[in-house]
Amino acid sequence: MLLIDHLSIKQGERLLLQDVSLAIERNEWVCLVGASGSGKSLLVKSILQMLPATLQSTGSIFWNDQEIEAASNTCSIYGCEIGYIPQQYTTSFAPFLTMDAHIRDLFASHDQAYDEDRIRAIMAEVHLSEELLYRYPGELSGGQLQRFCLLLASILQPKLIIADEITNALDVLTARQVTEWLKAMIGQTSSMLWVSHDLAEAMTYADHILVMKDGRIVDAGDREHLLTSTDPYTQSLLQAAPVLKRKDRLEHVITR
Amino acid sequence: MKKHFFIICGCLFFAVLYAITSMADPFVTDVTNRLAEPSQQNLLGTDHLGRDIFSRLLLAGGITVGLSTAIVLVTATIGVLLGTMSGFVYRRLEPIVTKVTDATIIFPDTVLAIVLAGVLGPSIQSLVLAISLIKWTSYTRLVHTLVLQESTKGHVLAARVNGLTKPKIALRHVLPAVCPHVLVVMSLDLGKVILLISAFSFIGLGVQLPFPEWGGMISEGRHYLVTNPMLVFWPALCIVLTIIGSTRLSAKLTRHFQI
Chain A
0 MLLIDHLSIK QGERLLLQDV SLAIERNEWV CLVGASGSGK SLLVKSILQM
50 LPATLQSTGS IFWNDQEIEA ASNTCSIYGC EIGYIPQQYT TSFAPFLTMD
100 AHIRDLFASH DQAYDEDRIR AIMAEVHLSE ELLYRYPGEL SGGQLQRFCL
150 LLASILQPKL IIADEITNAL DVLTARQVTE WLKAMIGQTS SMLWVSHDLA
200 EAMTYADHIL VMKDGRIVDA GDREHLLTST DPYTQSLLQA APVLKRKDRL
250 EHVITR
Chain B
0 MKKHFFIICG CLFFAVLYAI TSMADPFVTD VTNRLAEPSQ QNLLGTDHLG
50 RDIFSRLLLA GGITVGLSTA IVLVTATIGV LLGTMSGFVY RRLEPIVTKV
100 TDATIIFPDT VLAIVLAGVL GPSIQSLVLA ISLIKWTSYT RLVHTLVLQE
150 STKGHVLAAR VNGLTKPKIA LRHVLPAVCP HVLVVMSLDL GKVILLISAF
200 SFIGLGVQLP FPEWGGMISE GRHYLVTNPM LVFWPALCIV LTIIGSTRLS
250 AKLTRHFQI
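Which chain is which? The protein sequence lines are A and B, in order.
Note that numbering that gives the first Met the number 0 gives residue 236 to position 237 of the first sequence, counting from 1, and the numbers run on in steps of one.
Note that numbering that gives the first Met the number 0 gives residue 57 to position 58 of the second sequence, counting from 1, and the numbers run on in steps of one.
Please keep in mind that the hints were generated in silico from the structure rather than gathered at the bench.
Honestly, I wouldn't trust all of these hints.
[To be verified] In silico DSSO-like links for lysine-lysine, alpha-carbon gap of 30 Å or less:
1) K165(B) <-> K9(A)
2) K9(A) <-> K152(B)
3) K44(A) <-> K165(B)
4) K158(A) <-> K251(B)
5) K152(B) <-> K251(B)
6) K152(B) <-> K44(A)
Go ahead and model the full structure; you've got the sequences and the hints to work with.
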């Protein structure tokens, strides 16, 4: 569905992303793990065609066998086929538009009729009351804004959702709630590219995990593969997540 | 406070209405009644040709404020359109727009406007064209810079990722954030343009006779500055009050939009 083929990104002579290739299949949950500055968000930006003009990229990104280019027709892919949940959810809404206006704009941009029933259903699932629709972003809490981000990313039932470190600022319970809700939804229709620096979280939910370091994918595979990986960076990540040191404890995490 | 405001506005409205319906024709000359003292017929007296000063002040106010409002509106609209197009919607325009605005900005704007008005010939149309030709660049630069700032904001990026088209993002996400800044500058510019129009009329390049204009009235009255200083005082007071008004409006807008 999404294929990245030998993608490299440079800023002048500095290589920020080096020969990255990956594929995401239908209904697959892929997790991108790595420390801050490893190039995870840059990779996401390149998928979303949001790279700053100062960066030069080589390689290709394909969506359903068609190359994504920074052309105007790609507007129809984003929001509709690829949903994005940003890291900075507090600044993701225009302060002078109500939440309802944001949702209406999204529907209108993809020539779809405003589906009140679907909105109500998702709002109920993410525990948002209907009256919040008519409020401005400044009148909502951080948690409510994040749930509206989830709503916007999923309302048009995209085939792929990209979540960029969305549980970073959440308490453990809310983070778990959000992840579980997304997992349930992804299971139905969509694939997920989950960006995180938490290997434990990745091990718990992902079908396929990619480990990034210094702009390169240094390791990739499923949970079993990573647990037995000989890559020194993956080893150090496993060491840093004490709960994953033993396989039996990992199983405890997964079945929890 | 609000109640008092409406009462004052109401009184002013009726006073102006009374004055307009009963005042003398601002164009009619009466040399037998020249430089007359204020009276019931001529509330502020008459000028050197016996024309009613009050009615000429009101008409000049309409012309000056109307012209400056039109100039500010037109130049700001051009600036908003070009700034938004070059800064966000159609970035290929950016080098052209930036170079043209840079080339215009390096000239002192008042001098350039005087040269343009001189070349085009003294008339209202030349005045409007000359001031508009120098003013649009500052709005374009301002809007271009603000649009560039806004386009990096999270909600604009989120809108792009949600598939909104660039014109729609510009209308819904960028311009609402840019417009308050432009409105504040417009209100400040209103005073500047009024001063510019008056200066042009004072040197004979602006509004031409028989139409009254505050700068032109000062120019006519300066010959009688010693014997009849009120001929200069009233139009000068009008200019000062209008500029103070535009400055206060700008301050109020700044507070209102919390810029």
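Here is what the structure says about each hint:
1. As the CA atoms of K165(B) and K9(A) are separated by approximately 26 Å, the hinted pair is consistent with the 30 Å bound.
2. A C-alpha spacing of about 23 Å is found between K9(A) and K152(B), which places the hinted pair at or below 30 Å, so the restraint holds.
3. With a CA separation close to 18 Å, the supplied pair K44(A) and K165(B) stays within the 30 Å bound.
4. Taken as a hint, the K158(A) and K251(B) pair is broken in the structure, with Cα atoms around 49 Å apart against an allowance of 30 Å.
5. A threshold of 30 Å between alpha carbons decides the hint, and for K152(B) with K251(B) the separation of about 26 Å falls inside it, so the pair holds.
6. Of the pairs offered as hints, the one joining K152(B) and K44(A) holds, with about 15 Å between alpha carbons and a cut-off of 30 Å not exceeded.
When each numbered hint is compared with the structure, a violation occurs for hint 4 only.
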